[in-house]
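Student: Once you've looked at the hints, dock chain B against the given chain A.
Next come the chains, spelled out residue by residue.
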Amino acid sequence: MLGIEDPWVVAPYILCILSALLCVVWGIIKWNKDEKTPEAEEEVQHWAEEEDRVEEEL
Amino acid sequence: MVSIWMIIVVVIYLFVIGYLGFRGYKGTNSATDYMLGGRKVHPYVMAMSYGATFISTSAIIGFGGAAAVFGMSLLWLPFLNIFLGIFVAFWLFGGRTRRMGLRLDAHTFPELLGRRFQSRFIQGAAAVIIFMFIPMYASAVLTGAAKYLSHQFAIHYTTALFIFAVIIALYVVMGGIKGVMYTDALQATIMLVGLSLLLFFTYHRLGGITEAHQLLTDMADKVPAKLQAAGHQGWTAMPKFGSQLWWVSVSTITMGVGIGVLAQPQLAVRYMTVKSGKELNRAIPVGGVFILLTAGVAYIVGALSNVFFDQTAGKISIVMAAGDVEKIIPMYLQQATPEWFSILFMLTLMSAAMSTLSSQFHIMGTSLGRDLVEESLNIKKKGHGVLATRVGVLAGILISVYLSYTIDIRFGKTGTAIVARGTAIFFGLCAGAFLPIYIGALWSRAITRAGAIAGMLSGAASSLLWMIFIQEKPSTALLICDKWFGTRSLAVSLIDGKEVFAHSGPIIWAFVDPILISLPIAFLLTILVSLVTKKIPAQHLARCMGQTK
Numbered sequence: 001m002l003g004i005e006d007p008w009v010v011a012p013y014i015l016c017i018l019s020a021l022l023c024v025v026w027g028i029i030k031w032n033k034d035e036k037t038p039e040a041e042e043e044v045q046h047w048a049e050e051e052d053r054v055e056e057e058l
Numbered sequence: 001m002v003s004i005w006m007i008i009v010v011v012i013y014l015f016v017i018g019y020l021g022f023r024g025y026k027g028t029n030s031a032t033d034y035m036l037g038g039r040k041v042h043p044y045v046m047a048m049s050y051g052a053t054f055i056s057t058s059a060i061i062g063f064g065g066a067a068a069v070f071g072m073s074l075l076w077l078p079f080l081n082i083f084l085g086i087f088v089a090f091w092l093f094g095g096r097t098r099r100m101g102l103r104l105d106a107h108t109f110p111e112l113l114g115r116r117f118q119s120r121f122i123q124g125a126a127a128v129i130i131f132m133f134i135p136m137y138a139s140a141v142l143t144g145a146a147k148y149l150s151h152q153f154a155i156h157y158t159t160a161l162f163i164f165a166v167i168i169a170l171y172v173v174m175g176g177i178k179g180v181m182y183t184d185a186l187q188a189t190i191m192l193v194g195l196s197l198l199l200f201f202t203y204h205r206l207g208g209i210t211e212a213h214q215l216l217t218d219m220a221d222k223v224p225a226k227l228q229a230a231g232h233q234g235w236t237a238m239p240k241f242g243s244q245l246w247w248v249s250v251s252t253i254t255m256g257v258g259i260g261v262l263a264q265p266q267l268a269v270r271y272m273t274v275k276s277g278k279e280l281n282r283a284i285p286v287g288g289v290f291i292l293l294t295a296g297v298a299y300i301v302g303a304l305s306n307v308f309f310d311q312t313a314g315k316i317s318i319v320m321a322a323g324d325v326e327k328i329i330p331m332y333l334q335q336a337t338p339e340w341f342s343i344l345f346m347l348t349l350m351s352a353a354m355s356t357l358s359s360q361f362h363i364m365g366t367s368l369g370r371d372l373v374e375e376s377l378n379i380k381k382k383g384h385g386v387l388a389t390r391v392g393v394l395a396g397i398l399i400s401v402y403l404s405y406t407i408d409i410r411f412g413k414t415g416t417a418i419v420a421r422g423t424a425i426f427f428g429l430c431a432g433a434f435l436p437i438y439i440g441a442l443w444s445r446a447i448t449r450a451g452a453i454a455g456m457l458s459g460a461a462s463s464l465l466w467m468i469f470i471q472e473k474p475s476t477a478l479l480i481c482d483k484w485f486g487t488r489s490l491a492v493s494l495i496d497g498k499e500v501f502a503h504s505g506p507i508i509w510a511f512v513d514p515i516l517i518s519l520p521i522a523f524l525l526t527i528l529v530s531l532v533t534k535k536i537p538a539q540h541l542a543r544c545m546g547q548t549k
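Residue numbers (my numbering), protein chains in the order written: chain A, 1 to 58; chain B, 1 to 549.
Because the hints were derived from the structure by calculation, they are not lab data. For clarity, every value in this text was computed on a predicted model and none was experimentally measured. Any given hint could be a false lead.
To be verified - Derived lysine-lysine pairs resembling DSS-like cross-links, with alpha carbons at most 27 Å apart:
no.	chain 1	residue 1	chain 2	residue 2
1	A	K33	B	K278
2	B	K275	A	K33
3	B	K226	B	K240
4	B	K278	A	K30
5	B	K315	B	K240
6	B	K278	B	K40
7	B	K473	B	K240
8	B	K473	B	K226
9	B	K147	B	K473
10	A	K30	B	K275
11	B	K473	B	K483
12	B	K240	B	K40
13	B	K222	B	K240
14	B	K275	B	K40
15	B	K473	A	K33
16	B	K40	A	K30
17	B	K498	B	K473
Same shape as in the complex, but just chain A (with noise of 0.2 Å):
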């Protein structure tokens, strides 16, 4: 198969091509989901109040 005999050596090449696209395709299934909950909402908030703070003090 595309001028390589052992299998070992085209599962590779193949699987560079499919894990690339894989990636492709995930990014696009996934391009607006997030891990969006109240609690990380939260969380970003806590953050920037938290830097907000530590750079005042500074």
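Tutor: Positioned in the frame of chain A, the structure of chain B alone reads:
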């Protein structure tokens, strides 16, 4: 040969890099800006920066050259790089690291581990491991780049070294991670274009994909007898199972680097630079395609260079390069591609080196300034957050440049051999020291502080001992084993003047990568010590990992 075009292109390139570094500087107002890009980096920039940091010049020239010797069986490594190093890393490790980093307000990888296990010692020890060993890795990249540039521009090695280091120093010290990541993204784009074109040229020159591979397959009888004896069965076949080449290709190259990437602190910190999980998802396709078209291409082209040299000179690549693996890719570029392309490729290689170095310098700075001095030793002064890190970056650069400078002048070949192992040593050490406790930190509530410390120290120690005394390549280069025991590795003995490698069944110990030894030891000790020591308070665990569902 230096052409006027080459100089013009490099000057433009440096101006753009300078501009991006300046933008990083203007956008840096706080410690979080300097260390994490304000946690608002664009997914394209993040993924390209991750990829460019990971793929250094040595990944293209060194591993491309290795593929010319080993053949396409090395493609298991880019597969692991894409699947584990990008997909699994961003999807599984990335999201958790980002959220935990945010909850704990961690700015660096050691800080994340330290706060997760409530231990300043962990943060300090991780920082010491990074700061002590990354200069070797940086120096490996720096020496390679300076040698390449001195050859390209016909200037002295030392001049090339200093000019190159000063340029990178400027934008890393001033621009922080923003400067690093903006320039990385540009450099990654150049690498992507350069290597994609190289793949196209190669397949086109050899008559197509299947045809090119077939020609390489048909060359199996041209494998030198010495390589055949070590297990080589042709450039499109795996080495013989259990042979020396099989162990080097599967354990050191594929598993050592392929798995080791998950615990690279300069890469893991990038998950914390993006705003949300959405950005991580969007970064996955960019990273996957980038690795395919950079690492994947270098390996395919490296292997196929044998066909080109066989057709044009009747010799295989390693014979053409007179045994110097690192010369194969540059020689192939010079002979097989048009002249304008060699200018583009020079930028590609410069970019690959600069992007890796800038991140190495940055993490040296954060390790010394933030983790060790500020947090672990608790020496804090108002307004000194960014300053301490900048001083750390500068110290890291000076050490790396000093290493690259003295090694060439004072130690000659011995020094070069040690530096050449720098990348592998750092990867091996990070995998042993950080992977078990990083996984434990993200997924397990049962790992205790003592367990984490035991895992980190035993992983680092077993990795280091294995490389100093057993694994043939680093132990030979490091010379310690030879000095103490009069042999280049404890797993190699001289019988009747002939070297014999110790083995148990199909395992040839001198070729086993440290990751296969240190990971099981570190995992086991982490778990065993955690079973008998004081648990981490539930309240802190809830803070780290979010509320229990």
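Student: Does each hint fit the structure? Answer for all of them.
Tutor: Here's how the hints hold up against the structure:
1. Straight-line distance between C-alpha atoms of K33(A) and K278(B) comes to about 6 Å, which keeps the hinted pair within the 27 Å bound.
2. The suggested pairing of K275(B) with K33(A) holds, with an alpha-carbon distance near 13 Å, which does not exceed 27 Å.
3. A C-alpha spacing of about 14 Å is found between K226(B) and K240(B), which places the hinted pair at or below 27 Å, so the restraint holds.
4. Simply put, K278(B) and K30(A) have alpha-carbon atoms about 7 Å apart, close enough for the 27 Å limit, and the pair holds.
5. Only pairs whose Cα atoms come within 27 Å are accepted, and K315(B) paired with K240(B) is accepted, the gap being roughly 23 Å.
6. Of the pairs offered as hints, the one joining K278(B) and K40(B) holds, with about 12 Å between alpha carbons and a cut-off of 27 Å not exceeded.
7. Restraint check for K473(B) and K240(B): the C-alpha separation of about 20 Å stays at or below 27 Å, so the hint holds.
8. Note on K473(B) and K226(B): the hinted pairing holds, with a Cα-Cα distance of about 18 Å set against a maximum of 27 Å.
9. Using a Cα cut-off of 27 Å, the hinted pair K147(B) and K473(B) holds, with the two alpha carbons roughly 22 Å apart.
10. The straight-line distance between the Cα atoms of K30(A) and K275(B) is roughly 15 Å, inside the 27 Å bound, and the hint therefore holds.
11. Pair hint K473(B) plus K483(B) holds up; C-alpha atoms about 16 Å apart against a cutoff of 27 Å.
12. Simply put, K240(B) and K40(B) have alpha-carbon atoms about 49 Å apart, too far for the 27 Å limit, and the pair is violated.
13. Pair hint K222(B) plus K240(B) holds up; C-alpha atoms about 16 Å apart against a cutoff of 27 Å.
14. Between K275(B) and K40(B) the alpha-carbon distance is near 5 Å, which keeps this suggested pair within the 27 Å criterion.
15. Straight-line distance between C-alpha atoms of K473(B) and K33(A) comes to about 46 Å, which puts the hinted pair past the 27 Å bound.
16. Among the hinted pairs, K40(B) with K30(A) is consistent with the structure: their alpha-carbon atoms are about 19 Å apart, no more than 27 Å.
17. Distance check on the hinted pair: K498(B) and K473(B) sit about 18 Å apart at the alpha-carbon level, within 27 Å; holds.
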